[in-house]
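Since chain U is already given, all that's left is putting chain G on it; use the hints.
There are 2 protein chains.
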Amino acid sequence: MTLVADESARLLETAARAARAAAGVVARAPRPAKDAALRGAAAALRARSAGILAANEADVAGAPGLSAAYRDRLTLTSARIEAMAKGLEEVADLPDPVGHVLAEWTRPNGLRIRRIAQPLGVIGMIFESRPNVTADAAALCLKSGNAVILRGGSESTRSAAAIQACLAEGLRAAGLPEAAVQVAPTADRAFVGAMLRASGLIDLIIPRGGKGLVTRVLEEARVPVLAHAEGLCHTYIHAEADPAMAREILKNAKMRRTGICGATETLLVDAAIAPALLPLLVADLRALGCDFRADARARVICPDLPAASEEDFSTEWLDAILSVAVVDGVEAALDHIRRHGSEHTEAIVTEDAEAARRFLDGLDSAVGMWNASTQFCDGGEFGFGAEIGIATGRLHARGPVGLEQLCTYRYHVIGTGQTRP
Amino acid sequence: MTLVADESARLLETAARAARAAAGVVARAPRPAKDAALRGAAAALRARSAGILAANEADVAGAPGLSAAYRDRLTLTSARIEAMAKGLEEVADLPDPVGHVLAEWTRPNGLRIRRIAQPLGVIGMIFESRPNVTADAAALCLKSGNAVILRGGSESTRSAAAIQACLAEGLRAAGLPEAAVQVAPTADRAFVGAMLRASGLIDLIIPRGGKGLVTRVLEEARVPVLAHAEGLCHTYIHAEADPAMAREILKNAKMRRTGICGATETLLVDAAIAPALLPLLVADLRALGCDFRADARARVICPDLPAASEEDFSTEWLDAILSVAVVDGVEAALDHIRRHGSEHTEAIVTEDAEAARRFLDGLDSAVGMWNASTQFCDGGEFGFGAEIGIATGRLHARGPVGLEQLCTYRYHVIGTGQTRP
Numbered sequence: 001m002t003l004v005a006d007e008s009a010r011l012l013e014t015a016a017r018a019a020r021a022a023a024g025v026v027a028r029a030p031r032p033a034k035d036a037a038l039r040g041a042a043a044a045l046r047a048r049s050a051g052i053l054a055a056n057e058a059d060v061a062g063a064p065g066l067s068a069a070y071r072d073r074l075t076l077t078s079a080r081i082e083a084m085a086k087g088l089e090e091v092a093d094l095p096d097p098v099g100h101v102l103a104e105w106t107r108p109n110g111l112r113i114r115r116i117a118q119p120l121g122v123i124g125m126i127f128e129s130r131p132n133v134t135a136d137a138a139a140l141c142l143k144s145g146n147a148v149i150l151r152g153g154s155e156s157t158r159s160a161a162a163i164q165a166c167l168a169e170g171l172r173a174a175g176l177p178e179a180a181v182q183v184a185p186t187a188d189r190a191f192v193g194a195m196l197r198a199s200g201l202i203d204l205i206i207p208r209g210g211k212g213l214v215t216r217v218l219e220e221a222r223v224p225v226l227a228h229a230e231g232l233c234h235t236y237i238h239a240e241a242d243p244a245m246a247r248e249i250l251k252n253a254k255m256r257r258t259g260i261c262g263a264t265e266t267l268l269v270d271a272a273i274a275p276a277l278l279p280l281l282v283a284d285l286r287a288l289g290c291d292f293r294a295d296a297r298a299r300v301i302c303p304d305l306p307a308a309s310e311e312d313f314s315t316e317w318l319d320a321i322l323s324v325a326v327v328d329g330v331e332a333a334l335d336h337i338r339r340h341g342s343e344h345t346e347a348i349v350t351e352d353a354e355a356a357r358r359f360l361d362g363l364d365s366a367v368g369m370w371n372a373s374t375q376f377c378d379g380g381e382f383g384f385g386a387e388i389g390i391a392t393g394r395l396h397a398r399g400p401v402g403l404e405q406l407c408t409y410r411y412h413v414i415g416t417g418q419t420r421p
Numbered sequence: 001m002t003l004v005a006d007e008s009a010r011l012l013e014t015a016a017r018a019a020r021a022a023a024g025v026v027a028r029a030p031r032p033a034k035d036a037a038l039r040g041a042a043a044a045l046r047a048r049s050a051g052i053l054a055a056n057e058a059d060v061a062g063a064p065g066l067s068a069a070y071r072d073r074l075t076l077t078s079a080r081i082e083a084m085a086k087g088l089e090e091v092a093d094l095p096d097p098v099g100h101v102l103a104e105w106t107r108p109n110g111l112r113i114r115r116i117a118q119p120l121g122v123i124g125m126i127f128e129s130r131p132n133v134t135a136d137a138a139a140l141c142l143k144s145g146n147a148v149i150l151r152g153g154s155e156s157t158r159s160a161a162a163i164q165a166c167l168a169e170g171l172r173a174a175g176l177p178e179a180a181v182q183v184a185p186t187a188d189r190a191f192v193g194a195m196l197r198a199s200g201l202i203d204l205i206i207p208r209g210g211k212g213l214v215t216r217v218l219e220e221a222r223v224p225v226l227a228h229a230e231g232l233c234h235t236y237i238h239a240e241a242d243p244a245m246a247r248e249i250l251k252n253a254k255m256r257r258t259g260i261c262g263a264t265e266t267l268l269v270d271a272a273i274a275p276a277l278l279p280l281l282v283a284d285l286r287a288l289g290c291d292f293r294a295d296a297r298a299r300v301i302c303p304d305l306p307a308a309s310e311e312d313f314s315t316e317w318l319d320a321i322l323s324v325a326v327v328d329g330v331e332a333a334l335d336h337i338r339r340h341g342s343e344h345t346e347a348i349v350t351e352d353a354e355a356a357r358r359f360l361d362g363l364d365s366a367v368g369m370w371n372a373s374t375q376f377c378d379g380g381e382f383g384f385g386a387e388i389g390i391a392t393g394r395l396h397a398r399g400p401v402g403l404e405q406l407c408t409y410r411y412h413v414i415g416t417g418q419t420r421p
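In order, the protein sequence lines correspond to chains U and G. Take the first sequence: its position 199, counting from 1, is numbered 199 in UniProt numbering, and each next residue is one higher. Take the second sequence: its position 15, counting from 1, is numbered 15 in UniProt numbering, and each next residue is one higher.
With the rest of the complex left out, here is chain U:
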């Protein structure tokens, strides 16, 4: 059944108005109530595990044409449900970001001014196949005092509804409004369009998924968006790199997990060190199953590498493929990154502090690293406890988006009768 756009807009408006009312309650809920809701939801996930698995089986059975990888992402197991429950409990353990005094000062006229962290309001989360995102995203939104409307993949609606029922049980038991966590009331794609146009009803859209989904959201949204369309991350091995460190970092940055946004897609290596080091780097990665796309200068050193097209350097492989270019120093590396990068995460490996400074200063990326693997671009690794995504835009938040980034702020100004001259 395809709903007309107006029907989707009506459903969205109903959901968003309920979310707005709930947001006013959870924004002011004390920490123990929010944590109790999360722990209650975790208990419900464990107690209702059989029902969730049955719902998920029906989802998987109802989507026969899926690729094996997609099918794997869609499938829940007892272990995955337990991981979801643990995830909720871990978020309950995190500090409450709401009400935190971010800054405080007193004016010469005696006015005391406080900048205080406050929830954003109503968040719209749009994601693809993994049903566990329902629980993870709901937990982070609730803990940060926000209401959330979750729109997962249309093939996972039964799983999402079963997970949402557990969250509702937790909220109810904690005396919080169930409407703080809602799943889309329809699998119709027009509902996504309605979310993207819901200016004034939804305060922030967070898309999580492939480049196609995120690009559509960024292009169509009339609501602010926190996202990254891609993570075309670079590791630059400077002439003064420690060769052993460079080899370990590159192996990890490229091959630890190839499908995450912080994985290195392109190796830039200084001409001065490339003849000695590049063959070793290639051998290391080849032993791990990596393939290459190399520019002409790299192929002079390693003639057996496949040639890269210009477009290859603008491709986020998300796979065991590495683009390779030989460059002449920091400025050339920065030029390459500005031409091809996505302002996500780039790393330099060098023992030369001045070169590292020039590289980091010259980047516009959300995250610049010195002598570390680009795969550290992650909310957990940053110490945020958990993340709802990574942002590469310029406004509000950049890099990992955790509880703190799911808040805005407001001011309290405390006087003793002051009037403005």
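Just so you know, nobody snuck in bad clues.
Which bits of chain U does chain G cover? Going by a derived footprint, with three or more residues having C-beta under 8 angstroms, they are:
1. 105-118
2. 241-249
3. 381-395
4. 403-411
Label pairs and their calculated CB-CB ranges:
5. U:D72 with G:A21: 43 to 53 angstroms
6. U:A244 with G:R357: 53 to 63 angstroms
7. U:E90 with G:A69: 51 to 61 angstroms
8. U:R297 with G:E90: 47 to 57 angstroms
9. G:R112 with U:A244: 16 to 26 angstroms
10. U:R112 with G:A103: 15 to 25 angstroms
11. U:D304 with G:R107: 31 to 41 angstroms
12. G:R107 with U:R257: 14 to 24 angstroms
13. U:T77 with G:A21: 50 to 60 angstroms
14. U:D72 with G:R10: 39 to 49 angstroms
Bear in mind the hints are in silico, worked out from the structure with no lab data behind them. Yeah, the Cβ is synthetic: ideal placement off N, Cα and C, and Gly gets one too.
What follows is chain G alone, placed relative to chain U:
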């Protein structure tokens, strides 16, 4: 001449690409260069004062149908040019927000993480009649390391060009790219549309002007916007207010300047104190020339007040008119504000700290005040030195937008060869 939209888009793209290149330079410019550019521009404004006045006279002569108020806002005088020059020097004196370490921590694995303030990039400023905004906005954008494209009112193009020439002189003398401060190359309204659609070319749009302009920008923009469409500010006089303080605060909040966004538009007064206090408040304001729109309960106490319609309570008067309602306590006041307010600035006057806490906690507004005039909602009064506007949205910045709010951040992660397990 009306340009086709494509021609405007082409002009905008050319300006924005030049701005992007300049932004890369001013983002990394040391403080002395930026300050020298601002002081040089101030000197140029003084030196070229006669030429600026002549350009402005031509603008005023070329727009004969204007209201007196609009004509006054459009007109420059020697004193106004001197004020612009002083404004540039004051911004030069402000601390540089760029590169400020906002947070810094070390992870258990030894990674050092720094969150560092960074310019936003290219800002589009859309404003109405006052030509001095050209200088003020340019100064704040440049000092915060951003490039800016300024689109003022179509009737002030000669004035804007004359002022921009002074800024260009300052930039040139300081060795910074002139393209860091550009004015729209055409007065065609289609250029505004092109700015609003310039996703990826412009990072942030700041509109300054009437509700019509700001609403159009908020509705049409595909680029993030910082703005307030209106400032429908409330002063709530609680039952436990100090009557003398309440009278002074209300006089100031309503009548100090009626045309600014922080001016109080609605008085809410508790039923318990209204019979004694409301007649005094009305007499105070009437003596200053204020008119009223009162609800039925207020008119029982002051029968000579004109009756308010429901719509009056949702009207930002920006004039010597005050909407008045009698309410029953903090929750009723908050209800009224949620129904009619614009999440800009609201104040409570009370000696009861618990009532003040409930009021401030219950607000969603950017600024909540206790025993102070709503007219303090201003970047200068907050200690920011200057402001480019006031934001009431939920993302990025709320309240006065100063140098700090014109920055985003990025991370530097400093390791010693760490790889992610």
